[in-house]
Structures are given as structure tokens and as C-alpha cells.
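Visitor: Which chain is which? The protein sequence lines are R and A, in order.
Heads up: the first sequence at position 96 corresponds to 969 in this note's numbering, and the numbers run straight through without jumps.
Heads up: the second sequence at position 37 corresponds to 910 in this note's numbering, and the numbers run straight through without jumps.
There may be inaccurate statements among the hints.
Note that identical chains are pooled: a pair holds if it fits in a single copy or bridges any two copies.
With a cut-off of at most 35 Å between alpha-carbon atoms, the simulated DSBU-like pairs for lysine-lysine come out as follows [said to hold, decoys possible]: (1) K1015 with K879; (2) K971 with K906; (3) K879 with K1027; (4) K1015 with K906; (5) K879 with K939; (6) K879 with K1012; (7) K882 with K1012.
By construction, these hints were calculated from the structure, which means they are not laboratory data.
Take a look at the letters that make up each chain.
There are 2 protein chains.
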Amino acid sequence: METTNKFMKEAIRLSIEKMRAGNGGPFGAVVVKDGEIIARGFNQVTSSNDPTAHAEMVAIREACSKLGSFQLTGCEIYTSCEPCPMCLGAIYWARPDKVYYANTKEGAAAIDFDDQFIYEEIDLPISDRKMPFIHMMEKEAKVAFDEWADKQDKIEY
Amino acid sequence: METTNKFMKEAIRLSIEKMRAGNGGPFGAVVVKDGEIIARGFNQVTSSNDPTAHAEMVAIREACSKLGSFQLTGCEIYTSCEPCPMCLGAIYWARPDKVYYANTKEGAAAIDFDDQFIYEEIDLPISDRKMPFIHMMEKEAKVAFDEWADKQDKIEY
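Let's have the full structure, built from the sequences with the hints guiding it.
Guide: This is the structure in C-alpha cells:
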């Protein structure tokens, strides 16, 4: 538990200090491999005009860049808050071994972050969502999928 | 419908040509504002070692950078495939007016993309998920949330 605490402490430190410095919301994350922090991330949505720049996303991108891999096999992510659906999706695509989190999505909702709303929307059939999603031109688009299925030199992910 | 088709056609073109060029999976997207394409994206997960580099993510980041805003108010996104949970989350955070999509998540699952698995995992209680999520140190982390709640000069998003 000692080691674990050290990494989460760093994620929490980032969440507080970078918020104070005006980078964005109160969120921090680190990626750990072989007992070492290989990447740090903190929320910088408003300071970098990037709605995808959540702490986990920044840390995942940095870690993958360092490892020269699109996978975080053998890594653990420590995040100061339970991931929103976007970050959760990114985590599944990156496939670390384990995720540690401190604040909860209910805590995030209590300080007015939209996570809960997004979780609810994802569960709804597309036609019932508040954001309009319109389906069109599937036949034309499917050409790409058929070609991918047959592609001999593809790199799967 | 004429205008609409033109933008989706471009998203589909990107999905095919960039896949053929070896950038990554068969996915393309464009962001449209005031009848003009302001950003293009295509999947480059494997070519850029970035598991977050899905077509929609790339297009959203590019569009926000161009607009100098972390919001896509007044914009529409055309994507060659129904967004995965990560991209869906990013879309909700970016808040465009509308999303058009062509291929479906069922189509993506049929050519072995993990979207469906991620959708299923998101719905499970954390303790039932295949990826281990471990809760710890909430009390320490909540300091950041309390401070955010009281912060006078924060930029909400």
C-alpha cells in the first residue's frame, strides 16, 4: 500500500497545484511502469482550448509517446478522480493493467462536472438523446470497413 | 440534404484514403461551421502511437484550436462511424450542435473494433468490470474538489 499511496499522492498534488495555477479543472493523473512514474497529466481544457485535455488523456498520450507504443501494457494509471466516459474509453483503448482512482463521479457531479449527464446519454438509444445524432450514408461508408476486413498489412489495435 | 452529403462524403473519403496510406483504422471525420469544413480528422492510432487519436478526437482538437475555444458551439460533426464511448464523451464535452454518422457501432464490432466491449464495461458496476478499478484516498483527493467549489476565478467548462 505504501508504493500505491506515493503515486496517488502525486496525482492529487497535480490536481491541486495545476488548478491553483489556472490550468483547468481539479484533476491529475500519472502513469506508472515498473514502479516509476513515466507520465504526468493534469486538466488543461480551458488553458489549452482542448476539450479532450483531461488529466488521464494527457497522461496516456504522454506515456504512449514515451514508450513508442499505442498500448500501455504493464502500466498502471493513478487518477485523482474516477474517469469520465471519454477518459474511460481512452483507458480501455490504451489497455493498462489496472486503474486507481480517488474522487468519485458522484463527487465530480457535486461540483458541477457533466460526467453523470454523459453517462446517462451514452445509455440512451440514439433517438432519445438530448444531442441530435443523425444516421446517413451507411452504404457508402461501409466500403471502408469492407476494405479494412480484407486488408493484409493492417496493424490491429 | 445536398450540403449534408458533401461533408459526409469528405469524412468517408478520409476514412478510406488515410487507411490505405497506413495511418490507422478506417475512420474519418470533419467539423463544419457556417457551411465550411474547419477541421479534418482521421484515425492515426497506430501511426502516431496515440490510442486517443481517433478521427473525431483529432478533428475536435483541430477545430477547437482553430476557433481558440474549448467549445464547438454552432458546429456540426460529420463522422464516418458512430462514435466509440471515448469519442462520444469528447463530443459531449465539446458540445457541437449536431452529429451525423454513417457506419454503426455494430458495423465496427463486425470488423473487430472493441467499441461494443467498452460500451458494456461502462455500464457495469466498477467491481464487475474486466479491467480492475481500485478506489483509494478519496479524502485526500476531495481537497481539490472543495477548493474548486470555492474558487472565485475559475473558468467552468
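Visitor: If a hint holds in the structure, say so; if it does not, say that too.
Guide: Structure-based check of each hint:
{"no.": "1", "hint": "K1015 with K879", "result": "between (48 Å within a copy, 17 Å between copies)"}
{"no.": "2", "hint": "K971 with K906", "result": "within (11 Å within a copy, 40 Å between copies)"}
{"no.": "3", "hint": "K879 with K1027", "result": "between (40 Å within a copy, 28 Å between copies)"}
{"no.": "4", "hint": "K1015 with K906", "result": "between (39 Å within a copy, 26 Å between copies)"}
{"no.": "5", "hint": "K879 with K939", "result": "within (21 Å within a copy, 39 Å between copies)"}
{"no.": "6", "hint": "K879 with K1012", "result": "between (52 Å within a copy, 15 Å between copies)"}
{"no.": "7", "hint": "K882 with K1012", "result": "between (51 Å within a copy, 11 Å between copies)"}
Comparing the model with each earlier hint shows no violations; every hint is respected.
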